[in-house]
Amino acid sequence: MNDHNISISRSQDSILATNKVLKNTYLLLSMTLIFSGVMASVGMAINLGHGAAMIASFAAIGLLWFALPRTANSTAGIPVLFAITGLLGLGLAPMLNHYLAINPSIVSTALGGTGVIVLGLSGYALTTRKDFSFMGGFLMVGLMVAIVAAIANIFLQMPVLHLIISAAIMVIMSGFILWETSSIIHGGQTNYIMAAASLFISIINIFQSLLHILGAFGGDD
Amino acid sequence: MDWMAIGTALMLGAMLFLLFPRVLHAVKNSPKGSMSDWMGFIIPIAAIIGFVILLINMV
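Sequences listed follow chains R and W, in order. In terms of numbering that gives the first Met the number 0, the first sequence has 62 at position 63, counting the first letter as 1, and numbering is strictly consecutive. In terms of numbering that gives the first Met the number 0, the second sequence has 33 at position 34, counting the first letter as 1, and numbering is strictly consecutive.
None of these hints come from the bench; they were simulated from the model. Predicted model only: the values in this text are computed from it and were never measured. Where is the CB? At the ideal position from N, CA and C, for every residue including glycine. Some hints here could point you the wrong way.
Label-pair restraints from in silico Cβ distances [to be verified]:
| # | chain 1 | residue 1 | chain 2 | residue 2 | range |
| --- | --- | --- | --- | --- | --- |
| 1 | W | 49 | R | 72 | 35 to 43 Å |
| 2 | R | 147 | W | 33 | 24 to 32 Å |
| 3 | W | 33 | R | 14 | 21 to 29 Å |
| 4 | R | 144 | W | 48 | 12 to 20 Å |
| 5 | W | 24 | R | 115 | 26 to 34 Å |
| 6 | R | 144 | W | 37 | 15 to 23 Å |
| 7 | R | 16 | W | 1 | 48 to 56 Å |
| 8 | W | 5 | R | 126 | 42 to 50 Å |
| 9 | R | 110 | W | 46 | 17 to 25 Å |
So here's chain W without its partners, still in its complex pose:
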């Protein structure tokens, strides 16, 4: 394993360490979403997935 892979792993590990308190805060303080709230997220994401499939077919 080269030093770049080790460096990337260390950097990602540091990101996890720094991110963890924010994750805990977000999980504890985020309001709960209703079914319609989640549908408002799922619909654009489904459109993006369809768009990426279209791009894959274009390349």
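Chain R on its own, in the form it takes in the complex:
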């Protein structure tokens, strides 16, 4: 009887811990998304150039790879995450200005579409509670192939390949949202800063890919 009570208590503790990670992750994610949107607006208002945007993106990736893993287990990870998301938001500014000049509905449609996709995927992973841990290898290999194709296309400059890469990135990042959410639900991811960073990167990549795809069919490229 005592063992049974201890087991129920541990399982309740585990559920409470999972819910806390989920709540903190989505709270931090929503705050970083708002901050990134504000920084993108600032970049657009000052008409940030492509060079400065590229430097901001490089700095964000540097922080993501080298600073965040070292600070994610302390509160120092929160300002680092805000710095990463703010710099990535700034990095989006020239692209947003470009698409706004062509057709403003592309940006609003991509923004709304990304919101629907992310909410749909998160809702699907949370309600079905499926374990997507089996997708880890597939997603990582897919990401590597997409990066190799993106490097090749810098030299080949093929618009069709650019579209294929954008579509592939959308599928891979959608998979990463399912994988990360399932990892939080099943206790694999207990660090809400790393979880929010991972979800943010997936969301921003889905948004950029959707912009490219809609831009290609809406009068660009």
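Dock chain W against the given chain R, drawing on the hints supplied.
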């Protein structure tokens, strides 16, 4: 080719280099998915593809 294209290629190359050990780890340690597991991934992805086609027609 301008310096931005070269910079992007270098950054993506660095990402590949940093990502490679994680890819190896993920491939070696990921559990195998059953047919129903994969269907649980394919169905939402198919819905997203349909949704993107709808968005393309809206723009």
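Hint by hint, here is what the structure shows:
1. W:49 - R:72: 35 to 43 Å: 41 Å, holds
2. R:147 - W:33: 24 to 32 Å: Hint holds: Cβ distance 29 Å, inside 24 to 32 Å.
3. W:33 - R:14: 21 to 29 Å: 26 Å, holds
4. R:144 - W:48: 12 to 20 Å: 19 Å, holds
5. W:24 - R:115: 26 to 34 Å: 33 Å, holds
6. R:144 - W:37: 15 to 23 Å: At roughly 18 Å between Cβ atoms, residue 37 of chain W and residue 144 of chain R fall inside 15 to 23 Å, so the hint holds.
7. R:16 - W:1: 48 to 56 Å: Taking Cβ atoms as reference, residue 16 of chain R and residue 1 of chain W lie about 50 Å apart, which means the hint holds.
8. W:5 - R:126: 42 to 50 Å: 46 Å, holds
9. R:110 - W:46: 17 to 25 Å: 19 Å, holds
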